[in-house]
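K.L.:
Below are the chains, spelled out letter by letter.
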Amino acid sequence: AQSVTQLGSHVSVSEGALVLLRCNYSSSVPPYLFWYVQYPNQGLQLLLKYTSAATLVKGINGFEAEFKKSETSFHLTKPSAHMSDAAEYFCAVSYISGGYNKLIFGAGTRLAVHP
Amino acid sequence: EADIYQTPRYLVIGTGKKITLECSQTMGHDKMYWYQQDPGMELHLIHYSYGVNSTEKGDLSSESTVSRIRTEHFPLTLESARPSHTSQYLCASSGGHMTQETQYFGPGTRLLVL
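As given, the protein sequences belong to chains C and V, one line each in that order.
Per my numbering, the first sequence starts with residue 95, numbered consecutively.
Per my numbering, the second sequence starts with residue 10, numbered consecutively.
Simulated from the structure, these hints should not be mistaken for laboratory data.
The C-beta atom is built at its ideal place from N, Cα and C for all residues, glycine as well.
Some hints here could point you the wrong way.
Stated by the list, open to error - If we take Cβ atoms under 7 Å as the criterion, some of the chain V residues that face chain C in the derived model are:
hint: 1; residue: Pro17
hint: 2; residue: Glu51
hint: 3; residue: Leu99
hint: 4; residue: Gly117
hint: 5; residue: Leu121
With the hints as extra help, turn the sequences into a complete structure.
P.N.:
Take a look at the structure:
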């Protein structure tokens, strides 16, 4: 069965510091993995996705994530945090069930950026 | 511009009322989804549709119902709202190859049932 675990429901960093948001997955088949960002009172916006083409995936707003099969991880990073990065971040894994494509989401990590 | 729309954005309603949450997309996608999200929690799939006249229940049991009469429209209805229905409801759509396709989300509807 597929599942996603995001370590740390809240992460706080200083502006300009490294952002690291952790995501571990469980999947019985090669996974397709996604990171979404949710700003207050908005829907989810795709940051990046892994589809097995390359283990290091670059996304929007300077974010990137590295797929590590041996560690079953897909951590999200950004070298230098900006105040505008404050939001909720969700990791998700895509899978097929009953012939239908579905997404399973982690519980989310709220990122706070302070001056 | 291709987008996905949800109305209303916020809704406060009394117990027992019938409500319909609207979702429309101009993405040209065949697949649409409804998720329920409680504060600080993950999203749970409650309904999905792979095309006109096709609807399925998701992983989380819900008393709501959906319909898909037009490709671009996927409304969600609660016949009799209860406080336990208070939550945020997110609509999404996708198109393309199965497991690689990206789901695009609307802005959500925050529902408060008194």
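K.L.:
Now tell me if each hint is right for this structure.
P.N.:
Each hint tested on the structure:
{"no.": "1", "hint": "Pro17", "in the structure": "violated, 13 Å"}
{"no.": "2", "hint": "Glu51", "in the structure": "holds, 4 Å"}
{"no.": "3", "hint": "Leu99", "in the structure": "holds, 6 Å"}
{"no.": "4", "hint": "Gly117", "in the structure": "holds, 5 Å"}
{"no.": "5", "hint": "Leu121", "in the structure": "violated, 14 Å"}
Hint violations for this structure: numbers 1, 5, all remaining hints satisfied.
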